[in-house]
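Chemist: So the protein sequences, as listed, match chains D and B. Residue numbers in the first sequence follow this note's numbering, run continuously in steps of one, and reach 121 at the last position. Residue numbers in the second sequence follow this note's numbering, run continuously in steps of one, and reach 115 at the last position.
Honestly, the hints are just simulated from the structure, not real lab data.
Listed next, the in silico SDA-like pairs over lysine to any residue satisfying Cα-Cα at most 20 Å (straight line):
{"no.": "1", "chain 1": "B", "residue 1": "Lys56", "chain 2": "D", "residue 2": "Leu105"}
{"no.": "2", "chain 1": "D", "residue 1": "Lys11", "chain 2": "B", "residue 2": "Glu41"}
{"no.": "3", "chain 1": "B", "residue 1": "Lys57", "chain 2": "D", "residue 2": "Glu109"}
{"no.": "4", "chain 1": "B", "residue 1": "Lys56", "chain 2": "D", "residue 2": "Thr102"}
{"no.": "5", "chain 1": "D", "residue 1": "Lys17", "chain 2": "D", "residue 2": "Phe65"}
{"no.": "6", "chain 1": "B", "residue 1": "Lys102", "chain 2": "D", "residue 2": "Gly51"}
{"no.": "7", "chain 1": "B", "residue 1": "Lys102", "chain 2": "D", "residue 2": "Ser58"}
{"no.": "8", "chain 1": "B", "residue 1": "Lys102", "chain 2": "D", "residue 2": "Arg96"}
{"no.": "9", "chain 1": "B", "residue 1": "Lys102", "chain 2": "D", "residue 2": "Leu100"}
{"no.": "10", "chain 1": "B", "residue 1": "Lys102", "chain 2": "D", "residue 2": "Thr30"}
{"no.": "11", "chain 1": "B", "residue 1": "Lys102", "chain 2": "D", "residue 2": "Val74"}
{"no.": "12", "chain 1": "B", "residue 1": "Lys102", "chain 2": "D", "residue 2": "Ser62"}
{"no.": "13", "chain 1": "D", "residue 1": "Lys57", "chain 2": "B", "residue 2": "Phe94"}
{"no.": "14", "chain 1": "B", "residue 1": "Lys102", "chain 2": "D", "residue 2": "Leu105"}
{"no.": "15", "chain 1": "B", "residue 1": "Lys56", "chain 2": "D", "residue 2": "Arg98"}
{"no.": "16", "chain 1": "B", "residue 1": "Lys70", "chain 2": "D", "residue 2": "Glu109"}
{"no.": "17", "chain 1": "B", "residue 1": "Lys57", "chain 2": "D", "residue 2": "Thr102"}
{"no.": "18", "chain 1": "B", "residue 1": "Lys102", "chain 2": "D", "residue 2": "Gln41"}
{"no.": "19", "chain 1": "D", "residue 1": "Lys11", "chain 2": "B", "residue 2": "Pro39"}
{"no.": "20", "chain 1": "B", "residue 1": "Lys102", "chain 2": "D", "residue 2": "Gly28"}
{"no.": "21", "chain 1": "B", "residue 1": "Lys102", "chain 2": "D", "residue 2": "Val89"}
{"no.": "22", "chain 1": "D", "residue 1": "Lys11", "chain 2": "B", "residue 2": "Gly40"}
{"no.": "23", "chain 1": "B", "residue 1": "Lys102", "chain 2": "D", "residue 2": "Phe65"}
{"no.": "24", "chain 1": "D", "residue 1": "Lys57", "chain 2": "B", "residue 2": "Leu3"}
Covered by chain D, according to a simulated footprint, are these stretches of chain B (three or more residues, beta-carbon under 8 Å):
{"no.": "25", "stretch": "45-53"}
{"no.": "26", "stretch": "87-94"}
{"no.": "27", "stretch": "106-115"}
C-beta atoms are modelled at their ideal positions from N, C-alpha and C, and glycine is treated no differently.
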Amino acid sequence: GAGVSQSPSNKVTEKGKDVELRCDPISGHTALYWYRQSLGQGLEFLIYFQGNSAPDKSGLPSDRFSAERTGGSVSTLTIQRTQQEDSAVYLCASSRPRRLGTSGLSYNEQFFGPGTRLTVL
Amino acid sequence: TQLLEQSPQFLSIQEGENLTVYCNSSSVFSSLQWYRQEPGEGPVLLVTVVTGGEVKKLKRLTFQFGDARKDSSLHITAAQPGDTGLYLCAGDRFAGGTSYGKLTFGQGTILTVHP
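Only chain D is shown next, with the shape it has when bound in the complex (with noise of 0.2 Å):
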């Protein structure tokens, strides 16, 4: 089945220029999520989208950080005015809760896409 797609799958940009990330989640995941990860390091958390309700934007670094999710589907992560720091390999993850365990809880389990390069100059 199809997984998570990630587009463009490397981006080199000039710092100042903005840039579009796009990710297209498994089809019938409610959950969408942005990480950025630096070489060989862990992820850290940007911004989530859950169904219809408000994004938790709390992990955005500044203003210049922004994303949108059309239609329930389909998420572009805007980047605007690049800085050198914002090189990194930014993730895009999918889920659906599923049930766990005996206690009747219901967890949300990720699926991640294989991430765009950005190398800002």
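Based on the hints, put chain B in the right spot on chain D.
Modeler: Same frame as chain D, but now just chain B:
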């Protein structure tokens, strides 16, 4: 801030050796997830542990969730070169009856298994 400390940061071993990766926090998590990531790819979920004291086995990999749900470990038996990669732990917490989904990640362990 909920932090997950993962250790060791780097691990270089010979094929056939055993290893353990640790993930520790001062905070309680609803679940701990372990991911493996290869270069140029996104993380791939290996397992989710949700109950304190839970042990899950996946072939040569054994995952344990601490009784207090603050720590977890990944043990690999008889490591193989194909196990090479970045291993990440991630914690989740609840809002209501559903996991919030906003994972807190450890810094990762880069494992290299030499033939």
